[in-house]
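> Quick note, the sequences are listed as chains A, B and C, same order. When the letters of the first sequence are read in order and numbered with my numbering, they come out as residues 12 to 452. When the letters of the second sequence are read in order and numbered with my numbering, they come out as residues 3 to 320. When the letters of the third sequence are read in order and numbered with my numbering, they come out as residues 8 to 186.
Since the hints were made in silico from the structure, they are not lab data. One thing to keep in mind: the hints can contain errors.
As the list claims (entries may be wrong) - Computed list of lysine-lysine pairs in DSS-like fashion (alpha-carbon distance at most 30 Å, straight line):
(1) A/LYS182 / A/LYS166
(2) A/LYS215 / B/LYS37
(3) A/LYS258 / A/LYS166
(4) A/LYS258 / A/LYS182
(5) B/LYS159 / B/LYS37
(6) A/LYS166 / A/LYS20
(7) C/LYS87 / B/LYS66
(8) B/LYS66 / B/LYS89
(9) B/LYS66 / B/LYS37
(10) A/LYS326 / A/LYS258
(11) B/LYS37 / C/LYS159
(12) A/LYS326 / B/LYS37
(13) B/LYS36 / B/LYS159
(14) C/LYS87 / B/LYS36
(15) B/LYS66 / B/LYS36
As the list claims (entries may be wrong) - FRET-style restraints, in silico, Cβ to Cβ:
(16) A/ASP377 / B/ALA97: 53 to 63 Å
(17) B/ALA198 / A/GLU417: 37 to 47 Å
(18) B/ARG277 / C/ASP177: 30 to 40 Å
(19) C/SER32 / B/GLY264: 49 to 59 Å
(20) A/SER282 / C/ALA136: 52 to 62 Å
(21) C/GLU175 / B/GLU315: 26 to 36 Å
(22) A/ASP308 / B/ARG316: 46 to 56 Å
(23) A/ASP358 / B/ALA211: 43 to 53 Å
(24) A/ASP353 / B/MET3: 50 to 60 Å
(25) B/ASP11 / C/THR23: 44 to 54 Å
(26) B/SER119 / A/VAL440: 54 to 64 Å
(27) B/ASN239 / A/GLY139: 26 to 36 Å
As the list claims (entries may be wrong) - Some but not every residue of chain B turned toward chain C, in silico, with C-beta under 10 Å:
(28) ASP22
(29) LEU41
(30) SER207
(31) GLU218
No residue lacks a Cβ here, since even glycine has one placed at the ideal position from N, Cα and C.
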Amino acid sequence: MTSSTHLLKGATLPSGAVADILVQDGRIMSAALGTSAPAGTTVVDAEGLVALPGLVDLHTHLREPGFEQSETVLTGTRAAAAGGFTAVFAMANTQPVADTAGVVEQVQALGRAAGYATVRPIGAVTVGLAGERLSEIGAMAQSRAGVRVFSDDGKCVHDSLLMRRALEYVKTFDGVIAQHAQDPRLTENAQMNEGALSSELGLKGWPAVAEESIIARDVLLAEHVGARLHICHLSTAGSVDVVRWAKARGVQVTAEATPHHLLLTEELIRSYDARYKVNPPLRRDEDVQALREGVADGTIDIIATDHAPHPRESKECEWDAAAFGMVGLESALPVVQTALVDTGLLDWAGVARVLSTAPARIGRLDDHSHSFEDGAPANITLVDPAASSSFALDRLHGRSTNTPYEGVTLSGSVRWTFHHGYPTLRDGVLAPAGDTAEGMR
Amino acid sequence: MRHLLSTRDLTRDQAIHILDVAEDMADVQTREVKKLPTLRGKTVVNLFFEDSTRTRISFEAAAKRLSADVITFSAKGSSVSKGESLKDTAQTLAAMGADGVVIRHHASGAPQVLAQSDWIDAGVVNAGDGTHEHPTQALLDAFTMRRRLHPGSSRGKDLDGVRVVIVGDILHSRVARSNLWLLRTLGAEVTFVAPATLVPFGVGSWPAAVSFDLDETLRSIRPDVLMMLRIQSERMNAAYFPNAREYARQWGLDDERLTALGPDSIVMHPGPMNRGLEISAAAADSAQSTVLEQVANGVSIRMAVLYLLLSGEREALA
Amino acid sequence: MARTVLQQADIARALTRISHEILESNRGADELVLLGIPTRGAVLAERIGAEIGRIEPSAASAADLVGSLDITMYRDDLAKHPTRTPAPTQVPRRGIDGATVVLVDDVLYSGRTIRAALDALNDLGRPRAVRLAVLVDRGHRELPIRADFVGKNLPTSRDERINVHLTEIDGAEEVTIEG
Ligand SMILES: [Zn+2]
């Protein structure tokens, strides 16, 4: 059994200051140099490691209930802990769909039982994600799960009137609509970014305008009704422009990008390797650069994984038949370091913002938003920024292995994850199942 | 050559080599005994996930004339028409000892997925995948052009400076794509003519000129080769153009346009034709038409491809 | 180290003798077709055809007398080598039905090439008789095949290599043995 008191010696805080962080009873007792530790404290040599507030993923598919062959709450949160996440927001496209208080409470309870990370369910905007009638948003908001984020992710809330009503209605509960922006008619059977390459490969194109037109409509709706709007996984340069314009007008909009859209381009699809099939699709290099700039200048508020596990047979097939999605929890931080930190676009304070404090604020996850002040909940991630290695499948801890990064050299390695003071990841090794739930208490 | 997946990755020398071997195969087709013992003991599987009687029997004739055993596996409509089963199907064929797989699939890239996989070691020939490529069709088209332009002395020749105009549904046409890459590699100049809705997105970066006006193109380009593509009726339902009448009037090869074309130009069509829609009966049956030659040449090209893929010792994976 | 066993004059003499022997055995040049096996057999057939034309002015023109017979598609060892490029087969206009066909090759060794040539011939028509002329017979037959006209019998060991160089192809004219 690990002691419940840890001293993280010589860690570098996001501010750049070096501190000894004392973690006791689930709280940060002190984060200053020369902190002394009581007897029985486990000392972690954190010299050279960067301490971040525990990472928060606003966009995770945990697949349970309904698709347990791909992932469960337990396996998905193990992957989260291995990737440095202490909280994940579980998307609603399960079976049954998370459109009632019963389902969201069940998912949250499964998260508590697993203990590897805080699981906050996201509620569906419409019943069965069908895009026809609002689901019981109020009941989900007032349930034990305390849902604040609502999304039909995987599908777009494309009916304009329904979207307006949803934006208005969630104001009642301080909620936010997270929109998966994809015009369904413009993307019927679409397979990859529409451009010269899709034409050459003979794969049906997914035009940028199918995303941008929905974002443009939704920011105008959000402005009109004075509601909060969150845009999931921006993937095009045009989307960044629209969000930047909307923010300049004062629209209450926040935006997200995924790690894969910040690193990978459509060129990979020349192989027809379905591991690169994702929704929204990988885009051009110009789009990747625009997304990176959007993160750097704050237009894009957060980075979220869109962790989307699929069984092997869903990817070992021809492109058209393959499922959309990539796993991303374990690779997220290395990709962010590689794409944004190593390139000088973001410092570690910025990483703390886009991967922890900003998503926690959007999702109203108050106990995850800290800057190492005394008494803050001890959700902490320690990263070795000097590490660099070829990404291997053995770094995955979920049930599925559909990563696009196998064999790709990525910087940075998550060494320790503390969830409310409990070490779910210990020098790169996951805590054994069972211990974690114990540690939660 | 280990597989034939696309014309885009053929070099000029490789392409001419295939065309030259096809000349030898064509010679054999003029003999009384049309069969060669070359692929005796080899098994070629025709794996058709999409109906195409013409292409299937052409490959079947080619394989049989090389004495290969031919197994036809029509997956359409059966339990294996679902995507997940490409792997199972391939492993089944491998267990049956297939040396070559000729695959026609509705999904672009399926032949490449098969070739890259470790499910089967056989040589893979793309017999048409989705809206991607149809390399043997392009090769037989180039072969047909070469024989018409250099009667009796086509061996070793390329198509340098030959003006080719391809008309019709470029957007959905794997034939147009394979032809473009191959014709450019062989030195020809390619112009696509289509309504703007049937021009692929981003075509500006392709090595082809694009025009919406057939009459103007015939006047200004004076094509050596006019290739008419088949128009499928479902395109009308999807509102790519208003109706068949308007299409035929704007982009069909009617008798007037045939006259404007001149007697030295050749008229090609990959078949099957919609007479009266993209091509008039008179044009289809004219002396300029190569439609039946294309069918005969298809067997020679496919014999050449099967020979080059399957006769020698298997090349090691690069 | 290669050792020359036939020089230019030896080759010329051998071909002249073969030409005479062919005419003698065929009792003239009527109904005679020479088919060389590419690459060097085809060159030798052309030369023998020209010689026959000189000896027998009444003989058919070279185009009607000489052709080539590619055997690539009939080989039994295709799968053991990288893919071979076939060469064209050119049969004289008269065809081979009822003719005496003389197959011409540079070296007779295992006999497998000639076996393939007989198969190929079988698919082209029905000759009255088939004969075989070779510049060099090096022995080591694996099939019951023998040459009717031989330029030179060269006893060899299996490890040795026979190289035939002809001016038209190699820019040199000699037969060497390498061991
Ligand atoms: Zn989504």
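> For A/LYS326 and A/LYS258, compute the direct alpha-carbon distance and say whether it is at most 30 Å.
38 Å, violated
> Verify the proposed pairing of A/LYS215 with B/LYS37, using a straight-line Cα cut of 30 Å.
Violated. A/LYS215 to B/LYS37 sits at ~42 Å, over the 30 Å cutoff.
> Between A/LYS166 and A/LYS20, does the CA-CA distance stay at or below 30 Å?
46 Å, violated
> Tell me if the straight-line CA distance from A/LYS258 to A/LYS182 falls inside 30 Å.
OK: A/LYS258 and A/LYS182 at ~19 Å, within 30 Å.
> Please check whether B/SER207 passes as an interface residue: C-beta within 10 Å of a C-beta belonging to chain C.
35 Å, violated
> Next pair to validate is B/LYS159 with B/LYS37; report whether the Cα-Cα distance is within 30 Å.
27 Å, holds
> Evaluate the given range 44 to 54 Å for the C-beta pair formed by B/ASP11 and C/THR23.
Holds, since B/ASP11 and C/THR23 (Cβ atoms, about 52 Å apart) stay within the stated range.
> Looking only at beta-carbon atoms, does the pair A/ASP308, B/ARG316 fall within the given range of 46 to 56 Å?
55 Å, holds
> B/LYS66 and B/LYS36 were given as a pair; does the straight-line alpha-carbon distance stay at or below 30 Å?
It holds: about 10 Å lies between the C-alpha atoms, which stays within 30 Å.
> Is the hinted pair A/LYS326 and B/LYS37 satisfied, with a Cα-Cα distance of at most 30 Å?
42 Å, violated
> Check whether the Cα positions of A/LYS182 and A/LYS166 lie no farther apart than 30 Å.
With a Cα-Cα distance of about 22 Å, the restraint between A/LYS182 and A/LYS166 holds, given a limit of 30 Å.
> Is the interface hint satisfied for B/ASP22? The criterion is a beta-carbon contact with chain C at less than 10 Å.
Constraint on B/ASP22 satisfied, holds at 8 Å.
The structure fails hints 2, 6, 10, 11, 12, 18, 24, 26, 30 and 31 (numbered hints given earlier, in ascending order).
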